[in-house]
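Protein chains: 2
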Amino acid sequence: MSMIYLDHASATPLSKKAKAAMEPFFADDFFNPSAPYLPAKRVREAYENAKSEIAHTIGAKANDLVMTSGATEATNLAFSVLNASTRGPDALYRPSTPARLSARGAAGPLNAPPLVLVLETEHASVLRTAENYGAGKIKVKPGSGLIDLDNLKSKITKDTVLISVAAANNELGTIQPLAEIAEIIKSERQARLKNKNPRPLYLHSDASAALGLLNINVARMKTDLLTLSSAKIYGPKGVGALYVAHGVKLKPLISGGGQERNLRSGTENVPGAIGFAAAMKETKDHLNSAAKTFENLKTIFKNSLTDELNGEIEPVFLGPKKRQLANFCPVSFPGLDAERLVYKLEEKEVYLSTGAACAASKGEKSHVLKAAGLTDKEIAGSLRISFGRLNDEAKVKTAANLIADAVKEELERLKNA
Amino acid sequence: MSMIYLDHASATPLSKKAKAAMEPFFADDFFNPSAPYLPAKRVREAYENAKSEIAHTIGAKANDLVMTSGATEATNLAFSVLNASTRGPDALYRPSTPARLSARGAAGPLNAPPLVLVLETEHASVLRTAENYGAGKIKVKPGSGLIDLDNLKSKITKDTVLISVAAANNELGTIQPLAEIAEIIKSERQARLKNKNPRPLYLHSDASAALGLLNINVARMKTDLLTLSSAKIYGPKGVGALYVAHGVKLKPLISGGGQERNLRSGTENVPGAIGFAAAMKETKDHLNSAAKTFENLKTIFKNSLTDELNGEIEPVFLGPKKRQLANFCPVSFPGLDAERLVYKLEEKEVYLSTGAACAASKGEKSHVLKAAGLTDKEIAGSLRISFGRLNDEAKVKTAANLIADAVKEELERLKNA
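Sequences listed follow chains A and B, in order. In this text, residue positions in the first sequence follow the numbering used here: the first is 1, and each later residue adds one. In this text, residue positions in the second sequence follow the numbering used here: the first is 1, and each later residue adds one.
Bound conformation, chain A alone (with noise of 0.2 Å):
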């Protein structure tokens, strides 16, 4: 392929390797791994060897996780804990009666409803998800978009039970300090331990941008929930996983068969769970290297756009100057309409968006990037551009010219207007 593909936060190709590890379970090895027969046995240690690789690759254990279709009902899934850690199992479904109010009323401190907060920057799986539970925002730095720690101390309420911040953001590619974080609620649970306040806090973390980049382990971030996202990773679409570390309770949105412990039915997709594993193995051993290709490839692209550009328009470069992932390198051109230069590139063959796919497509303006305190211009501007396997120096540096080329004929154009 000629094309120049810089849409990696997007969607990613299937990896050779992800792919030979599927074949087999296609068409051959394709037995419910609930049956009783021994093929079908077979599968069943295939699909939890597979479950224990993507485990360990994150510092946890098979039974941590539950195999879900995607990083959106990951996402959803880890949110059941506001249904479940507070109120008793049916509460979701059951409509409330005025006799089941005032039994729940009776139990004291835990009459006020759950809270839960969220950055303001997050992806919409989360956002929307998080309004249904009417979810309060912490805001983020302006310019960096990092979580601003101080806005997240004073909203932390007595009943608030989960945050939810992103590992990396997926337009500015901002690294979140989860640690730090992590401390933050590890002191307020101390307080409620005091207080006598029974409210648990978990820490939620959409880890789907950043776990082909960073080293993700959740003992090193203490999150209690975390959503992983095959497709992002070279891995099969339709497939993702939620870490839920012991004792956090949630509330299944697929009910059936029992399956991954009751907390998600439905037949398991051993393929999916197959390259997933594989695809998660590979981004793994290649962290490093990756992280040092792209940096590479990084500060290449930047300084080709800048020399191209000769001055014309200064490109202004977004998100952090360190603690952004080594692939993300968000770009924007004041005064110039992204669309039209998506446009122009499309036919150049080089390929990038203006912001997330699913926003973009519905001529959303990014939430991103104005949490991150960019001016409309900015904002009308950017490109969000993304690097990956598909790339290498020669495609980065002719990307680079390309899209200098575009710019510099919007500049023409609107200097003519």
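Hints listed in this document are in silico derivations from the structure and should not be mistaken for laboratory results. There are no misleading hints in this set.
For chains that are exact copies, the list does not tell them apart, and a pair is met inside one copy or across any two.
Subject to a maximum C-alpha distance of 30 Å in a straight line, what follows is the list of computed DSSO-like cross-link-like pairs (lysine-lysine): (1) K284 <-> K19; (2) K377 <-> K344; (3) K16 <-> K281; (4) K16 <-> K41; (5) K292 <-> K281; (6) K249 <-> K153; (7) K141 <-> K153; (8) K141 <-> K222; (9) K141 <-> K302; (10) K41 <-> K19; (11) K139 <-> K322.
Add chain B to chain A, keeping to what the hints say.
Chain B only, in chain A's frame:
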């Protein structure tokens, strides 16, 4: 493979056609269908075409389908009609406060909770989900497992909102008279119109077991909600769909990017949908020949087995004589332990089960056979046999012989015990 696989109701191998259709979408056309550039738009088009093809085979349109991660999710989503139709869109998640409750109480006739009725022989994905909503159970007729229509009529009340009956049962293969059920529903709707009862009444059907053998058509069957499964018709695992008739309101289980018309968020599983569509087309193209093939195999199997047993024990073929899926041939050997037969036959590479995989794996006795009035002895001695594309006349004859041998060995063992 020399194995003889008689458990097609539990899992099917991915067909060559489905696999070939999926192939380009793994590593080449891997783009996010919501991304703005041309190759991504082509993926969007392929995805929507796949949905159209799936919809077309059941007499519906692409927009009537919500793609899911399988039949279980589809059924869970169908049941959300109980949250969406009679309460506000947020009723599922937001805890009721006394103020909101009394506001709802003011609605008058809709004060009582919406009710749901399910057939007592439904799959766990329906039964467990129904239990969350406190469902009533409709009885089946002894032996055949056909729905008792009088019992259904007697159980419908003014607050019934959903009736769920599988197109065909997944253990007995019993084909239910959906059109007759739809007629009963139609009468009830007319009565409600007269009585100014604003409650809607919907028919949901799980077509997972039936899809490969019956001509499923939503207009003819008059179902409002229909669960489809890819994995049971030689399509990829982890894919399903819910047909939703125009005007039926659901409450999404999974929120986020707003895919599937806001009813099911998450990046689309494009290869999955493409493979499912190819499998659906292939299934539909061979529907008539499949029915003939399997009726023939069933006759051969029954005759061979009866002959081989030579009167030492009379096999009890279960389910209705007519109105049974052509590929289902459940059989009982009263007095024997079916689990011992399964393990004996496993040694001969004959693979079959004692019931639904997810239930059998937990050692649960079949609730289906119990509801159909079988004695404990008949249930303990019953095998679920389901034919499929991995079978032919020779394999089925061999299977009958090997099963007869195993049965005779067991009879011998018991005689000497």
